[in-house]
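Chemist: Fit chain P to the given chain G structure using the hints.
2 protein chains.
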Amino acid sequence: VKTELYTPSSIGEAQEIIERLLRRNCVIIIAGNMKAEYEGRGASRLTPGDRILIIKQDRAVLLHRPEGYSPINWQPDTSAISVKTTSEGLKMIMIRKTPREILRVVFLEPPSITVYHDMVDQGSFIEYLDEHEIRDILFEHPELLGEGIKPVEKEKPLGDAGYADIYAVNKNNEPIIIEIKRVNADHNAVLQLYRYLVEYKKLTGITAKGVLVAPGFTKQAVREAIRLGITLKQISIRSLYEQYYKKKTKDKELHSLLDYLGVKT
Amino acid sequence: VKTELYTPSSIGEAQEIIERLLRRNCVIIIAGNMKAEYEGRGASRLTPGDRILIIKQDRAVLLHRPEGYSPINWQPDTSAISVKTTSEGLKMIMIRKTPREILRVVFLEPPSITVYHDMVDQGSFIEYLDEHEIRDILFEHPELLGEGIKPVEKEKPLGDAGYADIYAVNKNNEPIIIEIKRVNADHNAVLQLYRYLVEYKKLTGITAKGVLVAPGFTKQAVREAIRLGITLKQISIRSLYEQYYKKKTKDKELHSLLDYLGVKT
Chain G
1 VKTELYTPSS IGEAQEIIER LLRRNCVIII AGNMKAEYEG RGASRLTPGD
51 RILIIKQDRA VLLHRPEGYS PINWQPDTSA ISVKTTSEGL KMIMIRKTPR
101 EILRVVFLEP PSITVYHDMV DQGSFIEYLD EHEIRDILFE HPELLGEGIK
151 PVEKEKPLGD AGYADIYAVN KNNEPIIIEI KRVNADHNAV LQLYRYLVEY
201 KKLTGITAKG VLVAPGFTKQ AVREAIRLGI TLKQISIRSL YEQYYKKKTK
251 DKELHSLLDY LGVKT
Chain P
1001 VKTELYTPSS IGEAQEIIER LLRRNCVIII AGNMKAEYEG RGASRLTPGD
1051 RILIIKQDRA VLLHRPEGYS PINWQPDTSA ISVKTTSEGL KMIMIRKTPR
1101 EILRVVFLEP PSITVYHDMV DQGSFIEYLD EHEIRDILFE HPELLGEGIK
1151 PVEKEKPLGD AGYADIYAVN KNNEPIIIEI KRVNADHNAV LQLYRYLVEY
1201 KKLTGITAKG VLVAPGFTKQ AVREAIRLGI TLKQISIRSL YEQYYKKKTK
1251 DKELHSLLDY LGVKT
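If you read the protein sequences in the order shown, they are chains G and P. As numbered in this note's numbering, residues 1 to 265 make up the first sequence, in order. As numbered in this note's numbering, residues 1001 to 1265 make up the second sequence, in order.
Be careful, since some hints might not be right.
What the hints assert, rightly or not - Partial selection, computed: residues in chain G whose CB lies under 10 Å from chain P:
| hint | residue |
| --- | --- |
| 1 | E4 |
| 2 | A31 |
| 3 | V61 |
| 4 | E67 |
| 5 | L254 |
| 6 | V263 |
What the hints assert, rightly or not - Per label pair, the in silico range of CB-to-CB distance:
| hint | chain 1 | residue 1 | chain 2 | residue 2 | range |
| --- | --- | --- | --- | --- | --- |
| 7 | P | Y1163 | G | E4 | 33 to 43 Å |
| 8 | G | G262 | P | T1085 | 24 to 34 Å |
| 9 | P | E1019 | G | S70 | 57 to 67 Å |
| 10 | P | D1259 | G | E19 | 15 to 25 Å |
| 11 | P | G1216 | G | T98 | 24 to 34 Å |
| 12 | P | I1126 | G | S239 | 39 to 49 Å |
| 13 | G | D130 | P | S1087 | 22 to 32 Å |
| 14 | G | S87 | P | I1126 | 43 to 53 Å |
| 15 | P | L1144 | G | E67 | 53 to 63 Å |
| 16 | G | T98 | P | V1198 | 49 to 59 Å |
| 17 | P | K1097 | G | E19 | 57 to 67 Å |
These are computed hints drawn from the structure, not numbers from a lab. Because the structure is a prediction, the values reported are computed rather than measured. Ideal Cβ positions, reconstructed from N, Cα and C, are used throughout, including at glycine.
In isolation and in its complexed conformation, chain G is listed as follows:
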């Protein structure tokens, strides 16, 4: 991330820099002695102190004190930001149009300005486990799917229908096709699995059983599953995570840190 620091020597210079940066795609952090006023969901004022004002790429605005995890003021997005030199200092007015919220700040001395250019974050936020990890745990621990199930293949290709998460057999060696969802499954998930079963029959001439695995099922999914003879299997992703994935402090570094803190591991 390309980072630059400006330490302007006057309020006017600070104004110029911030105005220029506001026309670019960047995260701007302005730090210095300042005061603030807010009107919107309520109204409040903050008497002078050293704080950092964070303006994100989407113009979300956060005002942070040097301590505490929560911002003392914030706006989810800002429709307009004005920057002005006044007798008191560098005044910034940040307006959110709907609902109307106004944050006014005054930096009482030339602040430092840090800018992070063109940050790109396409990363995904995964709670507990992703679908591949759930698949791998179920492949290793097929007892979670039911008695006597033996997994045979992951990502089984099934012609035009796509790839089934797990292909397995039961104790009578009858084929089972397993589809996994990490969020509540709706009727589309049932129909997707049904297409695998139809394709499997077309390819092999054998009728496979279908098992749809998910943390929950919509009413429509349950209805469709009954109609199509598909088995539904409920799992808790949190339990899978806690039983089979959680790092039991396997980090050496973490272990010594916990030791140092006197925390039992």
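Modeler: Below, chain P alone, put in the same frame as chain G:
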């Protein structure tokens, strides 16, 4: 606020800088391409992306993406932070002891490090109005206190008892001593006002009436007030703010911004 920017050219150099800064009283912002794992109130992972990690003076930790007002991960305070050079990159483990929470981040390339030294924030957060502003509004609008009340003096000295917020007289020219609280008043507030009345009597030989003004009163305060013959007057600080204080977009700058946004003022 003394601000410094470091742009280390290697992971090892970044580690050294961060370890050194962690021994000082400062806010540290580390920015770069990174991934994260969290275990505590739940568990989650964040695949690689450009983000900023904020470590505050009290070691509250916030992880922010380039957009959105809310952090993607945070810890209210951190008991220990370790920094390590690994084959993947710069690894930081942040542990909160109780309740136990662990945030692991890995910067996949040397991050930029911005440091804000010795920030001091003694400022107070005032919701709506402070006591002096409430006093001034009531002094200007005594009808809010009751019919026929005429304010005479603010911060009336009353010997050892201190200063009464407002000294007034009623339509019969009888003295009234008014004490204002901006939060719910308890029995101590009633006793404080009673001390003013006792002192007033001692100084002048005249018995004044007492009025305690607050947004609310504890049960004990009500009992004491009845016992001591003190009048309680409830006010809404929010209404006082909205009726008598709110800036009706008197800022020229704000006015033109709202115009620009097409917001009626």
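Chemist: If a hint holds in the structure, say so; if it doesn't, say that too.
Modeler: Tested hints:
1. E4: holds, 8 Å
2. A31: Holds. Min distance 5 Å.
3. V61: holds, 7 Å
4. E67: This hint holds: E67/G lies near chain P, its Cβ roughly 4 Å from the closest one there, short of 10 Å.
5. L254: holds, 5 Å
6. V263: Status holds, d = 6 Å.
7. Y1163/P with E4/G: 33 to 43 Å: Violated, since Y1163/P and E4/G (Cβ atoms, about 52 Å apart) do not stay within the stated range.
8. G262/G with T1085/P: 24 to 34 Å: Holds, at about 26 Å.
9. E1019/P with S70/G: 57 to 67 Å: Violated, since E1019/P and S70/G (Cβ atoms, about 27 Å apart) do not stay within the stated range.
10. D1259/P with E19/G: 15 to 25 Å: holds, 19 Å
11. G1216/P with T98/G: 24 to 34 Å: About 33 Å separates the Cβ atoms of G1216/P and T98/G, which means 24 to 34 Å holds.
12. I1126/P with S239/G: 39 to 49 Å: holds, 48 Å
13. D130/G with S1087/P: 22 to 32 Å: holds, 23 Å
14. S87/G with I1126/P: 43 to 53 Å: Given about 23 Å between the Cβ atoms, the range is violated.
15. L1144/P with E67/G: 53 to 63 Å: violated, 38 Å
16. T98/G with V1198/P: 49 to 59 Å: holds, 55 Å
17. K1097/P with E19/G: 57 to 67 Å: Taking Cβ atoms as reference, K1097/P and E19/G lie about 45 Å apart, which means the hint is violated.
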